[in-house]
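Student: Residues per chain, in single letters:
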Amino acid sequence: AQSVTQLGSHVSVSEGALVLLRCNYSSSVPPYLFWYVQYPNQGLQLLLKYTSAATLVKGINGFEAEFKKSETSFHLTKPSAHMSDAAEYFCAVSEGFNKFYFGSGTKLNVKP
Amino acid sequence: GAVVSQHPSRVICKSGTSVKIECRSLDFQATTMFWYRQFPKQSLMLMATSNEGSKATYEQGVEKDKFLINHASLTLSTLTVTSAHPEDSSFYICSARGDRGRPYGNSPLHFGNGTRLTVT
Numbered sequence: 016a017q018s019v020t021q022l023g024s025h026v027s028v029s030e031g032a033l034v035l036l037r038c039n040y041s042s043s044v045p046p047y048l049f050w051y052v053q054y055p056n057q058g059l060q061l062l063l064k065y066t067s068a069a070t071l072v073k074g075i076n077g078f079e080a081e082f083k084k085s086e087t088s089f090h091l092t093k094p095s096a097h098m099s100d101a102a103e104y105f106c107a108v109s110e111g112f113n114k115f116y117f118g119s120g121t122k123l124n125v126k127p
Numbered sequence: 007g008a009v010v011s012q013h014p015s016r017v018i019c020k021s022g023t024s025v026k027i028e029c030r031s032l033d034f035q036a037t038t039m040f041w042y043r044q045f046p047k048q049s050l051m052l053m054a055t056s057n058e059g060s061k062a063t064y065e066q067g068v069e070k071d072k073f074l075i076n077h078a079s080l081t082l083s084t085l086t087v088t089s090a091h092p093e094d095s096s097f098y099i100c101s102a103r104g105d106r107g108r109p110y111g112n113s114p115l116h117f118g119n120g121t122r123l124t125v126t
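Those sequence lines, one after another, are chains X and L.
Residue numbers for the first sequence follow the working numbering, so the first one is 16 and each next one is one higher.
Residue numbers for the second sequence follow the working numbering, so the first one is 7 and each next one is one higher.
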């Protein structure tokens, strides 16, 4: 079975600073990895996905993530944080069609 | 991209009543939909997998008689919380898997906007 670990339940950055949200997974087979964002009282919105093509994946809103097999990581980054990036972010790994595993989430706070 | 519509977004009901939540895939057929529950400040907990034309598959610990799921068509799944109690108050989110109008094995989940249920 897959598992997903997000280090840091809360991350705080200043506006304009680098955003780095960490995600590590366990998998015995090549995984399919996703990052989602959730704003208060809303569902989850897909930011980006890795499906064994390029290891550096670009998503919406300026976010990107790099798949590193040797580190079993899929960290999410954004060069310059914006106030509107404040939200909760979930890393997820897929195992087959009907199994989707979510990390515990990281709440991003952006300070002015 | 694929869109999932969930309704209602908020509902307040009295203890003992039943509440139905609808989840629709708007631009693709979803033979499988998923129902999640999210507690405050926590991640999503998969409750059940809804299969079109057959019985839902419930996760361990989820009462199938309390959380009735019906997936009568390729675009609609419903979750009915029966005899609701205050402890059922939560944020319920549905999702379906699909990409560009067709379900792919490794396509992302698309989520509805969730339903905030408050049982008084």
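Heads up, a few of these hints could be off.
[To be verified] If the Cβ cut is set under 10 Å, some of the chain L residues that face chain X in the computed set are: (1) Tyr-42; (2) Gly-67; (3) Pro-114.
[Stated by the list, open to error] Away from chain X, derived, C-beta distances all over 10 Å, residues of chain L: (4) Lys-20; (5) Ser-24; (6) Asp-33; (7) Ser-49; (8) Gly-59; (9) Leu-74; (10) Leu-115; (11) Gly-118; (12) Asn-119.
What the hints contain is simulated information worked out from the structure, not anything from laboratory work.
We put the CB at the ideal spot given by N, CA and C, even for glycine.
Student: Would you mind marking each hint as holding or not holding in the structure?
Tutor: Structure-based check of all given hints:
1. Interface hint at Tyr-42/L: satisfied, since its Cβ lies 9 Å from the closest Cβ of chain X, which is below the 10 Å cut-off.
2. Hint status for Gly-67/L relative to chain X: violated, with the closest Cβ pair at about 17 Å, above 10 Å.
3. Annotation: Pro-114/L was flagged as interfacial toward chain X, and the flag holds, the nearest CB pair being 5 Å apart, inside 10 Å.
4. The claim that Lys-20/L is not at the interface with chain X holds, since no C-beta of that chain comes within 10 Å of its own (minimum 22 Å).
5. No beta-carbon of chain X comes within 10 Å of the beta-carbon of Ser-24/L; the shortest separation is about 23 Å.
6. No beta-carbon of chain X comes within 10 Å of the beta-carbon of Asp-33/L; the shortest separation is about 15 Å.
7. Non-interface call for Ser-49/L relative to chain X: violated, since the shortest CB-CB distance, roughly 5 Å, does not exceed 10 Å.
8. No beta-carbon of chain X is positioned within 10 Å of the beta-carbon of Gly-59/L; the least distance is around 15 Å.
9. Every beta carbon of chain X lies more than 10 Å from that of Leu-74/L, the smallest distance being close to 20 Å; the non-interface claim holds.
10. Consistency note on Leu-115/L: stated as away from chain X, yet its beta-carbon is not over 10 Å from all of that chain's, at 6 Å minimum.
11. For Gly-118/L, the shortest C-beta to C-beta distance to chain X comes to about 5 Å, within the 10 Å cut-off, and the non-interface label is violated.
12. A beta-carbon of chain X is positioned within 10 Å of the beta-carbon of Asn-119/L; the least distance is around 4 Å.
Checked against the numbered hints given earlier, the structure breaks hints 2, 7, 10, 11 and 12 and satisfies all the rest.
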